[in-house]
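J.: Sequence:
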Amino acid sequence: MLLPEACVANILAFTSPADTFSSSEVSSVFRLAGDSDFVWERFLPSGYKSLLSQSTDHHQSFLSKKEIYRCFCDSILIDNARKLFKINKITGKISYILSARDISITHSDHSSYWSWSHVSDFRFSESAELITTDRLEVKGKIQTGFLSPNTKYGAYVIMKVTKGAYGLDLVPAETSVNSKNGQISKSATYLSCLDEKKQQMKRLFYGNREERIAMNVEAVGGDGKRREPKGRDDVWMEIELGEFETREGENDEVIMSLTEVKGYQLKGGIVIDGIEVRPKSLD
Numbered sequence: 001m002l003l004p005e006a007c008v009a010n011i012l013a014f015t016s017p018a019d020t021f022s023s024s025e026v027s028s029v030f031r032l033a034g035d036s037d038f039v040w041e042r043f044l045p046s047g048y049k050s051l052l053s054q055s056t057d058h059h060q061s062f063l064s065k066k067e068i069y070r071c072f073c074d075s076i077l078i079d080n081a082r083k084l085f086k087i088n089k090i091t092g093k094i095s096y097i098l099s100a101r102d103i104s105i106t107h108s109d110h111s112s113y114w115s116w117s118h119v120s121d122f123r124f125s126e127s128a129e130l131i132t133t134d135r136l137e138v139k140g141k142i143q144t145g146f147l148s149p150n151t152k153y154g155a156y157v158i159m160k161v162t163k164g165a166y167g168l169d170l171v172p173a174e175t176s177v178n179s180k181n182g183q184i185s186k187s188a189t190y191l192s193c194l195d196e197k198k199q200q201m202k203r204l205f206y207g208n209r210e211e212r213i214a215m216n217v218e219a220v221g222g223d224g225k226r227r228e229p230k231g232r233d234d235v236w237m238e239i240e241l242g243e244f245e246t247r248e249g250e251n252d253e254v255i256m257s258l259t260e261v262k263g264y265q266l267k268g269g270i271v272i273d274g275i276e277v278r279p280k281s282l283d
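In full-length UniProt numbering, the protein residues as written are 1 to 283.
If you are wondering where the hints come from, they were derived from the structure by calculation, not from laboratory data.
Be careful, since some hints might not be right.
[To be verified] No more than 30 Å apart at the CA atoms, straight line, and that leaves these computed lysine-lysine pairs for DSSO-like: (1) Lys-152 - Lys-280; (2) Lys-86 - Lys-49; (3) Lys-65 - Lys-160; (4) Lys-139 - Lys-225; (5) Lys-186 - Lys-86; (6) Lys-230 - Lys-280; (7) Lys-141 - Lys-152; (8) Lys-139 - Lys-65; (9) Lys-262 - Lys-180; (10) Lys-93 - Lys-163; (11) Lys-152 - Lys-86; (12) Lys-180 - Lys-65; (13) Lys-163 - Lys-89; (14) Lys-141 - Lys-230; (15) Lys-225 - Lys-280; (16) Lys-139 - Lys-180; (17) Lys-141 - Lys-262.
Use the sequences and the hints to build the structure in full.
T.: In structure tokens:
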């Protein structure tokens, strides 16, 4: 005897988005139950109505809670298009990207240090390009109450290096993630990938100056390899700042930062799109 649709829906609501999607292949009863608002309301974040109201497409109408879920999987811009909100289709875990306008970048309001470019075909309408500075300081904040509970998260600066970049691979930058409840994650990384030909030219002109100024901070990972930006699935690269864990019922403030203020040499040519906060299990 087949289970009633309402009973199947109640069962699916205690599973996961992945299980619910796959269960539609079992029978028509499972397919109908798996499309019900009752099930998908359980998988949506508790504040989904507020998120929709903040969206730049808040006028968009949805026929079902499942449609809202799929919309979140594609990502939406919120908070006057200064943040991007997204959930993973399979796990339902929450991710955010804080735009360059939504984070703190020292001297970003001075046109002699930074320029703001308008990008019409990407996540945010603007990104920040470093013209020149001897002090690079980037900082973002997020409340863990906005994220999925009991989850390990990683924080990443989304960036590019321009063709005319300079001074980015002389001294590693310091990265950190700190929370008010005491979680601390610190490391160091270079701001650009190693270019052997470029390195040889620097040694020719500057001798061992590079080794002298970098000797007090060694940017290597746990495997002993040089830490530097990594490619993403899109046209950008990313630098991992650190990681932290969220806990059920806790709303902690997490501060994420990237700084390079010890080299005292000019640097330029890095473009910052923002800071992404996403579950580590999805890396």
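J.: Does each hint hold? Answer for all of them.
T.: Tested hints:
The hinted pair formed by Lys-152 and Lys-280 meets the criterion: a straight-line CA distance of about 6 Å does not exceed 30 Å. Between Lys-86 and Lys-49 the CA atoms are separated by roughly 14 Å; this keeps the pair inside 30 Å, and the hint holds. For the proposed pair Lys-65 and Lys-160, the alpha carbon gap of about 37 Å is over 30 Å, so the pair is violated. Proposed proximity of Lys-139 and Lys-225 is supported: the alpha carbons are some 26 Å apart, at most 30 Å.
A hinted pair counts as satisfied when its Cα atoms are at most 30 Å apart, and Lys-186 with Lys-86 qualifies at roughly 26 Å. At roughly 15 Å between alpha-carbon atoms, Lys-230 and Lys-280 fall within 30 Å of each other, so this suggested pair holds. Taken as a hint, the Lys-141 and Lys-152 pair is honoured in the structure, with Cα atoms around 16 Å apart against an allowance of 30 Å. For the hint linking Lys-139 to Lys-65, the alpha-carbon distance of about 35 Å lies beyond 30 Å, and the restraint is violated.
Simply put, Lys-262 and Lys-180 have alpha-carbon atoms about 26 Å apart, close enough for the 30 Å limit, and the pair holds. Taking the CA atoms of Lys-93 and Lys-163, the gap is near 36 Å; set against the 30 Å cutoff, the hint is violated. Between Lys-152 and Lys-86, the direct Cα distance comes to roughly 16 Å. Compliance with the 30 Å bound is thereby established for this hinted pair. Taking the CA atoms of Lys-180 and Lys-65, the gap is near 35 Å; set against the 30 Å cutoff, the hint is violated.
A hinted pair counts as satisfied when its Cα atoms are at most 30 Å apart, and Lys-163 with Lys-89 does not qualify at roughly 36 Å. Taken as a hint, the Lys-141 and Lys-230 pair is honoured in the structure, with Cα atoms around 22 Å apart against an allowance of 30 Å. At most 30 Å may separate the alpha-carbon atoms for a hinted pair to count; Lys-225 and Lys-280 meet this at roughly 20 Å. Annotation: proposed proximity of Lys-139 to Lys-180 holds, straight-line Cα distance about 15 Å (limit 30 Å).
Taking the CA atoms of Lys-141 and Lys-262, the gap is near 23 Å; set against the 30 Å cutoff, the hint holds.
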